[in-house]
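**Student:** This is what each chain is made of:
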Amino acid sequence: MSTRNPRALSYTIRVVLAAAEARRELRGLAWQRAAKFEFQLLAAATSELAQPPAEGWYDSQRQLKVTARIQGEELHLSVQAEGYEALRRVAGRSGRLRSADRILDVTFKFDQAGNAFAALKSAPDVHRALISFEIALDDSEQS
Amino acid sequence: MRIEPGALYVRLIGLLAAGYAESLLKHPWYASRMDAEEAAGRYFDATLGRKLLLTGRVPLSVAHRLFAALCARCAGALEKSTLKRRVGAARAANDFGVLGTIRRCLSKLSREPSPGSASPTLLSRLGPIVLAARDDEVSVPEEMAIWDAIACSPSPIMALPPGEPFNRFCSIVIDCIRTANRPVLELLSLGRPLCPFDWLDELSIQQVRSLKSFLRHLKSQDVPDTLENWREALKQNPVPGFKAVEALWRSPIGTALRNGGIYPSVALEQAMELVEPENGIELFLVQQEYQDQVRLLRADEVIGAEEQYLLIEVYAGAALEELAERAPIRALLRGRNLTIDELIEDIRERVDHWQQGTAS
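So the sequence lines, in the order shown, correspond to chains S and G. For what it's worth, this note's numbering labels the leading residue of the first sequence as 1, then goes sequentially. For what it's worth, this note's numbering labels the leading residue of the second sequence as 144, then goes sequentially.
Accuracy of the hints is not assured; some may be wrong.
A short list of chain G residues far from chain S (calculated; beta carbon distances all over 10 Å) [claimed, not checked]: (1) L196; (2) W342; (3) H360; (4) Y458; (5) A462; (6) I487; (7) R491; (8) Q498; (9) A502.
Taking beta-carbon pairs under 8 Å as the criterion, some of the chain S residues facing chain G (in silico) [claimed, not checked]: (10) P6; (11) A8; (12) I13; (13) V15; (14) A20; (15) E21; (16) R23; (17) Q80; (18) R96; (19) V106; (20) F108.
Read the hints as simulated data drawn from the structure, not as lab findings. Predicted model only: the values in this text are computed from it and were never measured. The C-beta atom is built at its ideal place from N, Cα and C for all residues, glycine as well.
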């Protein structure tokens with residue numbers, strides 16, 4: 001049977017608990033870094049007059065689905081969290097949509113059901129900008 | 144796993160800005176003089192970037208220990224490497240392979256000992272510090288910053304499995320951070336609004352500690368800053384370098400101490416865990432020993448059965464959020480209406496209290 005070694009035990013407990021907290025913090029940071037969703041429309045990239053697919057399309061992690069509908073002179077963009085994991089990540093948070101060509105830079109807010117909406121101008125450059133864009137969640141908000 | 148010092152630096156600064164903005168980067172004692180970004184840089188220089196002094200009792204610093212631990216995580220030539228002092232000049236190392244890379248990186252570090260360093264004495268008594276590998280060795284500077292240890296370590300390194308190897312490495316990192324933070328925290332704990340970055344190079348650690356006793360005396364007497372009150376306090380709490388009270392009163396540090404007001408230093412100390420760093424590597428328990436000791440802790444009724452389970456699982460690498468969902472811990476948290484963080488804090492406090500009780 002071991003004899004008591006309070007100093008070593010107290011130290012080791014401090015270390016393992018601090019290490020566990022650090023690991024959790026690192027996972028949180030990885031989560032924050034992952035708070036970005038990339039969308040690529042490869043088929044449309046070669047098209048002269050890019051038209052977003054009517055059935056919508058997904059980000060590379062398949063967590064968000066974007067649907068675009070033309071309403072008169074506007075292009076209505078709906079973003080929907082797909083599944084519980086995605087909902088947990090985006091519900092109630094602000095998002096920023098930025099296209100690779102920087103034509104689009106729009107902020108919006110996801111509701112508690114993981115839905116967000118943005119109205120854009122329906123113009124050829126806007127349609128083209130949707131070929132490649134990302135949605136980033138606001139880092140300052142609690143995830 | 145690759146260590147990219149540049150990426151790591153950016154991540155560290157980002158982490159400071161994200162998690163410690165209020166307590167360190169926008170600290171009220173210097174927030175008006177610098178923005179958070181500059182404070183992050185100066186904090187880095189004052190802590191991880193600061194060369195650690197050796198003393199007669201500490202012939203290798205925690206930065207050396209971190210460097211050795213990182214080298215031992217490099218597969219191949221360095222896997223069984225050791226860092227030690229040995230009499231005689233370091234053997235000439237070749238310039239190839241990982242040892243050559245380390246040698247080139249270490250050669251860029253200054254070898255000039257800091258004032259007050261015990262390095263010259265240690266060097267003549269115990270010999271230089273060398274990283275001894277299978278068939279080669281590299282001379283290592285006497286004084287290293289923790290950041291030097293990281294930046295000069297080999298890459299890639301092996302990922303550590305959860306449990307003992309990971310925890311043992313963490314114990315070294317925790318010792319490093321505590322040692323690196325200590326001078327800044329000592330200055331902040333004086334309870335006067337000094338910007339630590341201004342005074343780190345001006346005051347020795349002994350001076351800071353003596354000033355702390357001196358200021359505590361004034362506070363305990365509840366008297367204002369007057370030359371007479373300082374004279375009385377200095378008589379009972381001498382401060383190295385200031386024999387006469389007039390010299391302390393008129394000195395830059397004396398002027399700074401008088402001109403800023405008094406703050407509750409005790410609360411700050413507690414918040415910042417200002418405790419003496421320990422030589423963790425000697426205290427850290429291997430898994431079986433740890434489990435036995437935790438059982439004894441349970442036998443002493445310091446912790447309950449569920450907490451014993453939690454401590455053993457955490458050592459083995461279980462994630463806190465996952466543990467909180469396991470039935471025994473979930474029931475405990477519900478029963479005591481605690482979060483997992485509150486439970487951990489409570490365990491820490493009980494263990495500290497128990498340790499202090501057994502020591503007295």
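**Student:** Now, for every hint given, state plainly whether the structure supports it.
**Tutor:** Evaluation of the provided hints:
{"no.": "1", "hint": "L196", "result": "holds (23 Å)"}
{"no.": "2", "hint": "W342", "result": "holds (28 Å)"}
{"no.": "3", "hint": "H360", "result": "holds (31 Å)"}
{"no.": "4", "hint": "Y458", "result": "violated (5 Å)"}
{"no.": "5", "hint": "A462", "result": "violated (7 Å)"}
{"no.": "6", "hint": "I487", "result": "violated (6 Å)"}
{"no.": "7", "hint": "R491", "result": "violated (7 Å)"}
{"no.": "8", "hint": "Q498", "result": "violated (4 Å)"}
{"no.": "9", "hint": "A502", "result": "violated (7 Å)"}
{"no.": "10", "hint": "P6", "result": "holds (4 Å)"}
{"no.": "11", "hint": "A8", "result": "holds (5 Å)"}
{"no.": "12", "hint": "I13", "result": "holds (5 Å)"}
{"no.": "13", "hint": "V15", "result": "holds (4 Å)"}
{"no.": "14", "hint": "A20", "result": "holds (5 Å)"}
{"no.": "15", "hint": "E21", "result": "holds (7 Å)"}
{"no.": "16", "hint": "R23", "result": "holds (7 Å)"}
{"no.": "17", "hint": "Q80", "result": "violated (27 Å)"}
{"no.": "18", "hint": "R96", "result": "violated (18 Å)"}
{"no.": "19", "hint": "V106", "result": "violated (25 Å)"}
{"no.": "20", "hint": "F108", "result": "violated (24 Å)"}
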